[in-house]
Amino acid sequence: MKKIESPFFDLFHLGGERQVTGSCHLLKIRSGPSIMIDCGLSQGNDPHVRMSRMPVAPKDLDYLFLTHAHLDHAGRVPRLIEKGFSGEIICAHATRALIMPMLKDAMSISGMNDRRMASREAELDELSWGFEYNETFSLKKGVSFKLKNAGHILGSCFVRFEIPAEAGKTVSIVFSGDLGLKDTPLLPDPDPPDASDFLVMESTYGDRLHTSRKDRIQRLGALMEKALRDKGKIFIPAFSLGRTQELIFEMDRLFSDPDLGRAFPGLRNKRIPVFVDSPLGIGITKIYSSLKEFWDAEAKAALYSGDHPLDFKDLFAVESHSHHKRLLDIPGPAVIIAGSGMCSGGRILNHLENGLGHPANDVFFVGYQARHTTGRRILKNRKRRNGHVFINGARVPVRAGVYRMGAYSAHADQKGLVDWAMSMPGKPRLIKLIHGEPRAQSVLKRIFESNGYPVSD
Numbered sequence: 001m002k003k004i005e006s007p008f009f010d011l012f013h014l015g016g017e018r019q020v021t022g023s024c025h026l027l028k029i030r031s032g033p034s035i036m037i038d039c040g041l042s043q044g045n046d047p048h049v050r051m052s053r054m055p056v057a058p059k060d061l062d063y064l065f066l067t068h069a070h071l072d073h074a075g076r077v078p079r080l081i082e083k084g085f086s087g088e089i090i091c092a093h094a095t096r097a098l099i100m101p102m103l104k105d106a107m108s109i110s111g112m113n114d115r116r117m118a119s120r121e122a123e124l125d126e127l128s129w130g131f132e133y134n135e136t137f138s139l140k141k142g143v144s145f146k147l148k149n150a151g152h153i154l155g156s157c158f159v160r161f162e163i164p165a166e167a168g169k170t171v172s173i174v175f176s177g178d179l180g181l182k183d184t185p186l187l188p189d190p191d192p193p194d195a196s197d198f199l200v201m202e203s204t205y206g207d208r209l210h211t212s213r214k215d216r217i218q219r220l221g222a223l224m225e226k227a228l229r230d231k232g233k234i235f236i237p238a239f240s241l242g243r244t245q246e247l248i249f250e251m252d253r254l255f256s257d258p259d260l261g262r263a264f265p266g267l268r269n270k271r272i273p274v275f276v277d278s279p280l281g282i283g284i285t286k287i288y289s290s291l292k293e294f295w296d297a298e299a300k301a302a303l304y305s306g307d308h309p310l311d312f313k314d315l316f317a318v319e320s321h322s323h324h325k326r327l328l329d330i331p332g333p334a335v336i337i338a339g340s341g342m343c344s345g346g347r348i349l350n351h352l353e354n355g356l357g358h359p360a361n362d363v364f365f366v367g368y369q370a371r372h373t374t375g376r377r378i379l380k381n382r383k384r385r386n387g388h389v390f391i392n393g394a395r396v397p398v399r400a401g402v403y404r405m406g407a408y409s410a411h412a413d414q415k416g417l418v419d420w421a422m423s424m425p426g427k428p429r430l431i432k433l434i435h436g437e438p439r440a441q442s443v444l445k446r447i448f449e450s451n452g453y454p455v456s457d
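Note that UniProt numbering has the sequence shown beginning at 1, numbered continuously upward.
Honestly, the hints are just simulated from the structure, not real lab data.
All values reported here derive from a predicted model rather than from experimental measurement.
Every residue gets a Cβ at the ideal spot worked out from N, C-alpha and C, and that includes glycine.
Just to be clear, a hint being listed does not mean it is correct.
To be verified - Label-pair restraints from in silico Cβ distances:
#	residue 1	residue 2	range
1	S256	G142	46 to 54 Å
2	S31	L303	47 to 55 Å
3	G142	E319	16 to 24 Å
4	K300	E82	50 to 58 Å
5	P265	E126	48 to 56 Å
6	E298	R50	24 to 32 Å
7	S289	S31	42 to 50 Å
8	F316	W129	34 to 42 Å
As the list claims (entries may be wrong) - With a straight-line cut-off of 27 Å between C-alpha atoms, the simulated DSS-like cross-links for lysine-lysine are:
#	residue 1	residue 2
9	K104	K231
10	K214	K140
11	K286	K104
12	K325	K313
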């Protein structure tokens, strides 16, 4: 369990320090409140500290801040409540709207019975509070906080705490949460950070650059035309929250934008059906549609022009299990968006078991694939002779085309991370990199240190 000490607080990393899932951090303010920042589920073999071994027991935590509603940042919240947490859960307004269906889905997958789920939902509703961006609010013992937009998904934020110090002064610390890209569909760009003494910052793509949004939509259009020619299926493992809605938005652009129509005439001449095979993804998309006040200017303009950016002809919702089973057997061409995003569970596994061995099909990865997940194994074995993976206990050959598009990630790339940190007025005393694998953190650390920024191990 890692710990950073200052004269005024201790910072413990309980998950997500050197990996990209299971984010959980504890800010224990001396003579002040104990604050947890995120409480996420781990995937693959990513480690986290058990709640029984946390430096502060759940019942003694004063606050839990959620930077956004993805389960790798919020999935253990029901467990935290079961272990005695009764403090305030603080997040942005859109996160509060999204957190309930996300956690309900996580609880149902975990096997929790209806009575326990209902109890946790009621407690979540009672404990959670939505706050505005860019306003300062007070906590106990003179501690204050401000949320700013992180541009990762709707409701995502980074948090700045101001902590009383000696002689009437304060010390400040920023937790970045997950930082998004600029020019992301539906989302405003990330806000710049305010000046701060300490910066605790994600580093997911600290070692690589993404292609541009223009390039990614061109690649998606080309892949969809290929599916039309080959009569194949495109399988897109995607998180129900954020990535699914971005994909729907960009497919809507491919079907409705005149310039893109000229670039991809095949998509105009014959429409390819798009299936969202995820009850949670369908529900989240409906919530996204209701949160249009948080959309960016481009999405609002499309809506006001009569083109709903999250709906189009030949977009189909697959809600029931019986319809999912029928979808497994339909012929191509088709696009199938299904969870989970890292192929660690969910309906996408059935599609891959059926279709990964067919050369006419394609798999399009649009997000990070953590170590020891099925998604990472598919990427690793895609170019190997006789490459294969095990899915649902079956040995499945990797013969479909396999593509990775980092520009569809909801995470900023190396340049985005560096630019965001360096937009802070003045250099922080110390940067602590989290939420990244060791290589990404090592590369990003060298860049910061070469520019005079101190970075903690």
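Structure versus earlier hints - violations, ascending order: Result: hints 3, 4, 6, 9, 10 break, sorted rising.
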